[in-house]
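Residue numbers (my numbering), protein chains in the order written: chain A, 1 to 218; chain B, 1001 to 1357.
Check the hints yourself; a few may be wrong.
What the hints assert, rightly or not - Across the chosen pairs, the derived CB separations fall in these ranges:
#, chain 1, residue 1, chain 2, residue 2, range
1, A, 80, B, 1238, 52 to 60 Å
2, B, 1258, A, 76, 23 to 31 Å
3, B, 1291, A, 60, 43 to 51 Å
4, B, 1005, A, 14, 34 to 42 Å
Keep in mind that the hints were calculated from the coordinates and are not lab data. Using N, Cα and C, we set each Cβ at its ideal position, and we do this for glycine too.
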Amino acid sequence: MPLTLRAVSHRYAPAMPWVVRGIDLEIADGESVALMGPSGSGKTTLLSILGLLTHPAEGEVLLDGAPVTSGRGASGLRAREFSWVFQTANALLRRTALENAALQLLSRRAGRQTAEAVAHEELTRVGVGHLALRPARLLSGGELQRVCIARALAAAPRWILADEPTGQLDHATTLETGDALIKNRPIGTAVIIATHDPEVAARCERIIRLLDGQVVPS
Amino acid sequence: MTWRIASLIEEGFANLRANVFRSLLLAALCAAGFGGLAFVELRQGTELTNFTRDFREGGAYVAIASVPGAGLSGSRCESLNGTPGVVAAGAWRGTGQTTFPTAPGVLFQAAEVTGGILRVWDPGHVLGSGAGLVGGPALATELGLRPGLVAQFDTGSPVYLAAVGQFERRNPQAARWALSPVSPAGAFDECWVEFEPGAYEAGKDALAARFAEGSADPAVRPYRRSDEFTRNPAAEWDARPQKWGWIGVSAGLFGFALTAAWFRRSESGLYLAMGTRRAQLAIMGAAEAWPLVAAGWSLGFSYAVAAQVLWGSEPTRDIATHAAVTSGSAALALLALIPWASSFVARGSIATLLKDR
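Next up, chain B with everything else stripped away, as it sits in the complex (with noise of 0.2 Å):
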């Protein structure tokens, strides 16, 4: 019988604590690679996290439903609301030209829409379908108006503004229309549709047969056209290259790791000669190193957060589990490999290690 499980756990952390600047450059290493893999996935996941939020926001998944010289059924529009795979539709349909007393001889377009185009129209804020005007942001602008105030129209009555729609992304020309909520009851110029990206395809296809009931030759076009956006973010993340960096970042530490177990192989030898098994060797080695592959991982984690923040956005939940689960990977592979570092070089006679100085 030889060494306690707790001498050797004890002696582990004296060579940890007396070799003081190998130790800390251990640490700053694991804190480098593990950081460096963690702060690249979190940069390339950010980015594509965002550009997949742009292209969601900028209508990639609006479908547009119209027949040319005739009308579409508002009802059959709104009544896609609440089908799985729909996020939003409502129809909407032009009414002229107006303008205002307080703006003499500017023209506006004036249109009426359904409730459910205005969650298309402008996704996350809740503009209602209740009484009262909705006016696009220029409109807004030029006549000075903002939402509580009342209009007045050249023609007809007075009319609350109700809210002030954000149109840039989805409709940039209704910037300068005055939108009238109305029951979807009757015919509409368009109807529009935003599906959920997995039921985009599917939903558009369907789109055409489900007006095709009630009217002649609809046409269905999509909102962005599909040439505009040439990326494809979910195979862009599937073939990212660090998702194999762990092997890389494990094998470069686990490198270092031999590489200082080179130069203690007398240490090694020593430890040998007085009858200390190999696998005693690694028990040790894993009490020495072991904390500091946690610490490198723990602060090179928490820097590349940190990071990524200072860079200019948070990652998401998803995007840091990833980035965690890649360093860890490496870290988790270090962990298994750097305790037998000593093992694996302290090779040959022991005479012989003992000399090696």
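Isolated chain A (complex conformation) (with noise of 0.2 Å):
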């Protein structure tokens, strides 16, 4: 399988508890699947460590079969590979979207007019094109959410990591969201979504559970 865990366990320190344990776990190119559990159940580090943004403390990640070790391997497969969308919408926030939506694309050696041309249509795919000039701290959080949305998949990456990309959203926008990240995905594009809401992890393909670290069997 392309992503692939070995019996991952990790701590954020050697006299804290575990946070996820003995984790084995395969993700196939294209796939969308949702990490689901209740707060604490360790999905954000599980996405962390599949973003390869966090070193497993045991076990091991493999990418196409071979492993990932920490440091500058794994920077550069992660500007390569992956792309991420965060909870909090982290963006620049003094830049307008149409900078933010293009970063992705600029990180991967993209020229800045070919790189804002891109990030000019996904900001219009996910339905905030009119505001690509606009400052990101003068954005709603949902269109901030949205721009990031659009940064993610302007790269066109393998892999996109979202972890709870909707928690702060209302209803309506979640669901918004939720489409404009799964339908909107490049044909081979897998997206990883750590989310607590059952609408928007029914619409993916394969849901696993987090329960004190551990997945659940289904």
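Taking the hints as your guide, dock the two standalone chains into a single complex.
Take a look at the structure:
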């Protein structure tokens, strides 16, 4: 499988409890997967490990069968193959929506003109094209989250990881955002969403449930 | 492969433009820090330069040789001119008191001088050593004389007044003297010698030996007593606290940069999450901060020089260079450090950084 976790466990310091424990997981190219579970079940940590933001304390992450090490190798892979959408809509708030949406492409060596043209298309596709030149700090939470989704989609990554992307949105915006992320993704792009929302999870092909850092057998 | 270098630089510039207040604040703090440092250097340097100039103009490096009860050779004294370490040397001898018909009953001192002594007593002015009288300023005022007029002694023929000397600093008692330049042949009362500062002590010590050959028991005394000036400008300049101020200023400004980076660590986390390396963050940081540091230094240094000029005295090129080097060192240290502020603050897990808003 393209993205594989083998016996992955993680805790943030030796004296702290394990946040995820002994997880084996495989994600295929182009798949959409929802990670569900109560708060503190380890969704965000598992997502961080899948997205190479966190190197697990035990076990290994394999990409196309090759183990991923921490450091420069991981940062290169992050740039080339992964895009993120965060719960708190991380963005450069003083920069425009267009500049924010172009960031991921720029980090993949795209020229600025190309990056901004593609970013504008994605902003339009997720419904905020008319806000392209507005500073991100002046956008509503839903609008900003769509800018972040456009940023992730613009790079046409192999993997999109979304950490409760609809956690701070109202119901209508949640569904629109979920659709923007899951249905608008490029062919071949896998989406892994950590979510509490069953309606968002229902839009995914597979649901993985976590409890106390372990995968609950379905 | 990630980011093109050009994109990183553009990104840094874009962040600079987007955060107008923070950019202006950093530039202003740099201007204040570097300018303040430069101003302190300019102030102290100019003050010490002025003191050193006054010290020298006041005759700090002038020695006087005499032979009590006898005379010393004027030729030997004049021959000191041209000797390494000697600025000027000349001799004088008193020829008694005299009066002028235009000021009946007022006594003036008449003296004969060799050409060199006019350069010791009135440095910076060429009074000449040809025919004609050189009058002290008080004499000229009291008799209503000015250069080019003819003075008539009560005894003797009329004399052309060649110049009026300004002797207040080097020999104020000569203010009421009438000086007649003469050949150095013969004996004179005193030989005045001005040395270069570095040659003063050795030259003064050698002076007695020079006149001992032809005269008995020559005495050499400094024009200024050694305890008259208690400051040592060179030592003061060397011990100035702001010499190391560039470390404090650059550290302080880097502290501000770290604080600003701390409040932006979610932005750093965002870049890192997209695969940006810390070295690339530093390039971005350099593109954002270097123009501000450079502008701050230019502005601060210009204001420091302007403030010093407005304060009353223009700094010399040497002092301005010192101030530029000291404040420039602070700027260079900051230029080296500031690109790393984001990387330094953005430690720990990227996921945690992204939550720090």
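Violated hints - listed by number, lowest first: Violated: none.
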